[in-house]
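Asker: Could you build all of it, start to finish, from the sequences and the hints given here?
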Amino acid sequence: LRIFKESIFTGLNNLNVMTISDPYFCDGFGFTEDEVMELLNDYGLDDFHDMVRDWYDGYQFGDTSVYCPWDVIKYAQILLKDKDAEPENYWANTSGNDLIRRLLKKANQSTRNEVEQLINGGTIIKPIRQELTYREVEDSIDNIWSVLYSTGYLTCRRRVPGKKMELALPNREVKALFIELVKDWFEETTQADSARINRFCAAFPAGDINTIQEMLNDYLWDSISVRDTAVRRNMKENFYHGMLLGFLRSQDSWLVKSNAETGEGYSDISIQTPERVGMVIELKYADDGNLEAACAEALNQIEEKKYAEGLKRRGMKKMMKYGIAFCEKECMVVMA
1 LRIFKESIFT GLNNLNVMTI SDPYFCDGFG FTEDEVMELL NDYGLDDFHD MVRDWYDGYQ
61 FGDTSVYCPW DVIKYAQILL KDKDAEPENY WANTSGNDLI RRLLKKANQS TRNEVEQLIN
121 GGTIIKPIRQ ELTYREVEDS IDNIWSVLYS TGYLTCRRRV PGKKMELALP NREVKALFIE
181 LVKDWFEETT QADSARINRF CAAFPAGDIN TIQEMLNDYL WDSISVRDTA VRRNMKENFY
241 HGMLLGFLRS QDSWLVKSNA ETGEGYSDIS IQTPERVGMV IELKYADDGN LEAACAEALN
301 QIEEKKYAEG LKRRGMKKMM KYGIAFCEKE CMVVMA
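Take the sequence shown: its position 48, counting from 1, is numbered 48 in UniProt numbering, and each next residue is one higher.
Among the clues, some could well be false.
Here are the simulated DSS-like pairs of lysine-lysine, each with C-alpha atoms no more than 25 Å apart in a straight line [stated by the list, open to error]: (1) K106 with K329; (2) K126 with K106; (3) K126 with K105; (4) K317 with K305.
By construction, these hints were calculated from the structure, which means they are not laboratory data.
Answerer: Here it is in structure tokens:
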């Protein structure tokens, strides 16, 4: 934040501060498009340009779009050793990300809708104050939006009259970070209601698919959904996978495994209970909204990959197979 309004003595308050909105030195804060293309060309990594742009471009300084230099250098360094390496959240993982957590904790339904809109590729319009002091950050949600903009988690798409900006997530790196933090926040929030969680989990060994589906749909309406078409299907499935896994692991007496090798592949979730009930759960995201077809696909995969066989060999007397399909804030549950 700016050094501003910190004292009645005005000497240091009269500095000429250049913010990320000012049209000065804009290409000095990150790599420009030409610089990134030159770097990738020098190291024979031209084929990765689109990937690098999607993940690490999008930061707007004045009227100039720049890449995060740390991310570009780090990813290029790894690609020189491993051409199959996927992009990661290099910059995001070096910061505490407490601002986003504070935003989610303070969020009412309107703010949650705005976060959801950002995650799904949309924009929001907010007043931006760049003269904030640290003492003022917690005064309002709008102040947190301002700091998120000033620290690079949000970028300006256009200026709006009245000292407002149209804001967006700059790239896939920051979007992936938001999705992970939303998942953590939702798990933390829902775990506070242990009676509700226990009722939900008890429905699985009981084979009560109506209760599972009803309660899961309720949870989805309380959460923030990922529906952006630019987000890979497996990332969407991972979001719901993580949410469901958090619920099921609340049962201390259950052995809950994620992506464990069983049968002829890796099941999404497998569960063993002290009563020797074995459960296999396969999750699918229905891009076309056809939940029934996605559930059928999930059950077929359980059978084809023989996921239940591993649990049977571990002494489970009763086997239950669940296919669960998601699409935005809806789900369907079937059992075999």
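Asker: If a hint holds in the structure, say so; if it doesn't, say that too.
Answerer: We went through each hint and held it up to the structure:
1. K106 with K329: holds, 22 Å
2. K126 with K106: holds, 17 Å
3. K126 with K105: holds, 19 Å
4. K317 with K305: Given that 25 Å is the threshold and the Cα spacing comes to 20 Å, the pair holds.
In the structure shown, no violation is registered for any of the earlier numbered hints.
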